[in-house]
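K.L.:
Given next are the chains, with one letter for each unit.
Number of protein chains: 2
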Amino acid sequence: MGYCFGIDIGGTTVKIGLAAEDGTLLEGWEIPTRKEPTPEGLLLDIRVSILDRLDRGLDRGKKQKIRRADILGIGMAAPGAVTADGILHGAVNIGWGDVALAEEAERIIGISPVCVGNDARLAALGEAAYGAGVGARSMLMVTLGTGVGGGVVLNGKVLMGESGVAGEIGHMTVNPFETVRCNCGKMGCLEQYASATGMVRVAKQVLAKRREDSLLRQKEVTAKTLWDAARAGDALANEITDAVSAYLGMALANAMYLVDTEKIVFGGGVSKAGELLLQKVEKAYRSRVFAHSREKEFLLAKLGNAAGMRGAAALLLQKIR
Amino acid sequence: MGYCFGIDIGGTTVKIGLAAEDGTLLEGWEIPTRKEPTPEGLLLDIRVSILDRLDRGLDRGKKQKIRRADILGIGMAAPGAVTADGILHGAVNIGWGDVALAEEAERIIGISPVCVGNDARLAALGEAAYGAGVGARSMLMVTLGTGVGGGVVLNGKVLMGESGVAGEIGHMTVNPFETVRCNCGKMGCLEQYASATGMVRVAKQVLAKRREDSLLRQKEVTAKTLWDAARAGDALANEITDAVSAYLGMALANAMYLVDTEKIVFGGGVSKAGELLLQKVEKAYRSRVFAHSREKEFLLAKLGNAAGMRGAAALLLQKIR
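Just so you know, the protein sequences line up as chains A and B, in that order. Take any residue in the first sequence, count from 1 to its spot, add 49: that is its number in my numbering. Take any residue in the second sequence, count from 1 to its spot, add 49: that is its number in my numbering.
The hints are simulated quantities; they were obtained by calculation from the structure and are not laboratory data. Among the clues, some could well be false.
The list makes no distinction among identical chains, and a pair is therefore deemed to hold if it is satisfied within one copy or across any two copies.
[Stated by the list, open to error] DSS-like cross-link-like pairs, simulated, lysine-lysine; straight-line CA separation at most 25 Å:
no.	residue 1	residue 2
1	Lys332	Lys235
2	Lys268	Lys253
3	Lys253	Lys273
4	Lys258	Lys268
5	Lys206	Lys368
6	Lys321	Lys114
7	Lys321	Lys253
8	Lys332	Lys114
9	Lys273	Lys332
10	Lys368	Lys258
In isolation and in its complexed conformation, chain A is listed as follows (with noise of 0.2 Å):
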């Protein structure tokens, strides 16, 4: 029986899951995430963490060790653009530059192979491979947290692209005249209407500017107070959340366009709205695409934030066999 671990670096813990060569989590802790501008100190940190784990062995009854030997490896996800080279590329929230984190994590953690993938796309591979797309032969996965992210799976596998971005469908454009700036420097990303804060942008300009009253305006807007004052029937928040799916439908439409999955699966913070959320994006899919493409499913994320950890083990175990 082999084991791998699967290993999310987040900005503020790191995840990290044992799993049976299977893809089956045995178990999965987090640690906090060291940030330093060099990715030494952070890779130390888990080292640590899973030769720790190795020596406490399987607990099933009886005392079972894992033996180095037994480990395939590590899959590894991280929150920057990783390009075809293994190059990870400025992860932001970090504060590292441009990191060659495979060949790293193999020197410091003493573990081989380590594979690197965006931490979006792992999420993806981790959904198709063990959450809501399960089964379905092609899945585009969207994030919608703080930003928003995503990944496409077909076949199996998670497209990585050549520059690292295939998937990142928060920086599509889906407003032209946009003149307010993204976070990503450019103008009228889908992230500045789609995102947590997007969302929270947006109903602020809309209460600024009208007169209604509105549930909305009894406390901080937030993304969940949107969508909870839309669910309960108020019509100011259900014009808002009508623009910001009009934008998020637009955008999956235009992906289709692209890569034509069977399912669309939602993830990050922003899915919690759950089925309403659904169905004002898939409305405003439909009036965007053919008649002979509307019928995708439209589904919500079950791995929640361990997505991306197990992702990361698929990735390892697909890339061993």
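Starting from the structure of chain A, add chain B where the hints point.
P.N.:
Using the frame of chain A, we list chain B on its own:
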């Protein structure tokens, strides 16, 4: 030695190519497209034409017959969406409804297998296998003609998609505020600005609104006279070509956020505008993408209108290997 046929069914002619099993085109010819509500007549015409061709054999110095047993199959490009179940949906230019074209062709022509794909997708595959995309890991092809079509080739395989619209980039929405309808019934499609007819439409709008003198006021505006005038330094023509290139560059940037290919290849009649088109579109593209994905290869297609026929043969050869 095996042989196959690559067939491209167009609105006016059917292009038929005889290829060797390594994909080399041995001979290509055309027959007129019989326009009837169902494909039987056209398939009979194809049957007659290729049986006749087989009878004549290979003329390489000495007469060398091609035996029916040496025919590996037929690849067929059709002008409509082909879904994963092999159905051709409404080839509008010819007047067919939904057709199980591969099955019909196998029955009527009497050669198996027949593999069917959308013509724009197979033109992309043709360019990838034998034209501008040779050696590339991945490629997006954009066909700028009366309409705008395209295809995505990843690791040598063309993406067909679940509903047959993968690569249908002419109908990506690039202007969510457009009020004029596209031929497809939607509004704001790339095709409304970047097809030959779209460019003429935009040019006429600008010419009607403005007073400046221009070479474009001297004769009927076509995509050719528009780009010729731009090349000659005409200010209005440059403004118009900049505007349509801005939409095209933005659509390609959006496309790269999904498929992130190594090359972008331009075919179709408008691509005869050549380097000036590539320059303008690339400039617009670069303004809409992250710094690390700016360096894409922008190339002109090489196979002209043989691309679909060659790609059809490539599809067949991939399927039987």
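K.L.:
Are any of the numbered hints broken by this structure? If so, which, sorted upward?
P.N.:
6, 8, 10
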